[in-house]
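Asks: Got chain A; can you put chain B on it based on the hints?
Listed in order, the protein sequences are those of chains A and B.
Note that the first sequence ends on residue 845 in the numbering used here; no numbers are left out.
Note that the second sequence ends on residue 111 in the numbering used here; no numbers are left out.
The set of hints was computed from the structure by calculation and includes no laboratory data.
One or more of the hints may lead you astray.
Here are the computed lysine-lysine pairs in the DSS-like style, where the Cα-Cα straight-line distance is at most 30 Å [stated by the list, open to error]:
(1) Lys69/B x Lys571/A
(2) Lys41/B x Lys605/A
(3) Lys41/B x Lys627/A
(4) Lys679/A x Lys69/B
(5) Lys69/B x Lys780/A
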Amino acid sequence: MKNLIFVLLTFFAISFLTNPLYASSSENSVQTQKVVKVDQHEVKSISKMFSNFYKTTGIYAFLNPRDGATNALGEPLSKFAQSWGRVIMIFITFLLFYLAIAKGFEPLLLLPIAFGGLLANIPLANIIGHGGFIGTLFDAGIKNELFPLIIFMGVGAMTDFGPLIANPKTALLGAAAQFGIFGSLVGAVALSQYTPLFDFTLKQASAISIIGGADGPTSIFVASKLSPDLMGAIAVAAYSYMALVPIIQPPIMRLFTTKEERAIKMVQLREVGKIEKLMFPLTVLMLSILILPESTPLIGALTFGNFARVSGVVDRLSGTMQNALINIVTIFLGLGVGSKLAAEKFLIADTLGILALGLIAFAIGTAAGVLMAKIMNKFSKDPINPLIGSAGVSAVPMAARVSNKVGMESDPTNMLLMHAMGPNVAGVIGSAVAAGVLLSIFK
Amino acid sequence: MGDVNLVVEGLKFMVLGMTTVFLFLMLMVFVLNVISGIVKKYFPSKKVKPLHVRNQVAANSDADDEEIVAVITASIEQFRKH
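Looking at chain A on its own, in the form it has when it is part of the complex (with noise of 0.2 Å):
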């Protein structure tokens, strides 16, 4: 007892200490007005002063939703999302929590975006919002697009395009696989217009289909252009469902093909020189800048990683891309949508219509794929395995791992890896254009 009154003594002598310093900054103007409150304290008995300091408590704060409240961004708060909202958030990113350390979905980034959405749920902190360390997070690097762009930077260092230049054709299952991200934008817009629950706008149906695309930083960028509110929620199932790729794909893969057909054998692909490597970026970048600007961003950050990487010469940088810068950002990319996880964000209908359709994006991509290869391999001249078209939902490297295990599963000497990987790169430049044709529609 002797010590909570001399600590609180001390208190009293420095706030009545520091006062003078305090008034003399007056530019502040929410300092001033602690002043007055400590000078208030000053007067107040000891029970007054814990009933004061119990109002300022995460408990009360929970037990006591007011009306009119606002978020940290000065956006109103039902009672519900000041309340329980928050406390079934907390509990969803636990889950996410074990879903990422004990089940290893993604947890590189989902561990980050699970603790953002923590924070975002504490009541009264001002984490997420602006001057917030979070807020500060979103509004430098999400808000503006930046760190997705820096991803894609890392992406593109760490890619070997060396298996599509090989066999270039490939390139077309991933471009048959996106068809899951406009095949669920058309369920988007079906569900918001013949359903009363859910009502997307063609926005918001173009931001959620991008999870069909099977690739992080292209969701998170494409959201943040066409529906920002919906970020926490697309890309809590981007990521996930990425995760998921290993349960979700290889039923359908098995629907759509035979025994016999898991069983083809490819030809080995041939090996790739240095020129044509160090083409590679420049030719697709040049396309994009011919076709699509839109999509140069993304394509532009892919190729100029990948041209770093391959000219040999700025090892450094491109090992720097690779590692210390993407895992930099991805921190703070991480944390930044995590603060899109706020109750009041999160806890909606709309959330249930996006995780639905993002499976359903990703089943419609993993099927054309699958049927693109089947065509493909009528036609070819060399045969083609219809289990690597599943592949083509970007989602490097574990759909051409998806693809490599189940046709091993028919046949345990067919190495589909690198074949795959074809299609699994071409796929992340497939949804990147996607991903520029939605946004020039909307410009």
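Replies: What follows is chain B alone, placed relative to chain A:
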């Protein structure tokens, strides 16, 4: 949005989007094939040679294997005769 049929709009997006994606990637395939043709013709890479060498080595080793098998069989025969 009122009277606008969103589904029709969505289908329009789909046609435009898939056409663009396919066109883009087909153009890319075409250009890549052209480039690889040019590179093969004017800059025959050194990588091709090692491939041939490797094939030759592989072929040689196959022949070697046969020789070795023959030699071993012959020596076993010899051994049995003794």
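Asks: State for each hint whether it applies.
Replies: Hint by hint, here is what the structure shows:
no. : hint               : result
1   : Lys69/B x Lys571/A : 18 Å, holds
2   : Lys41/B x Lys605/A : 14 Å, holds
3   : Lys41/B x Lys627/A : 21 Å, holds
4   : Lys679/A x Lys69/B : 13 Å, holds
5   : Lys69/B x Lys780/A : 28 Å, holds
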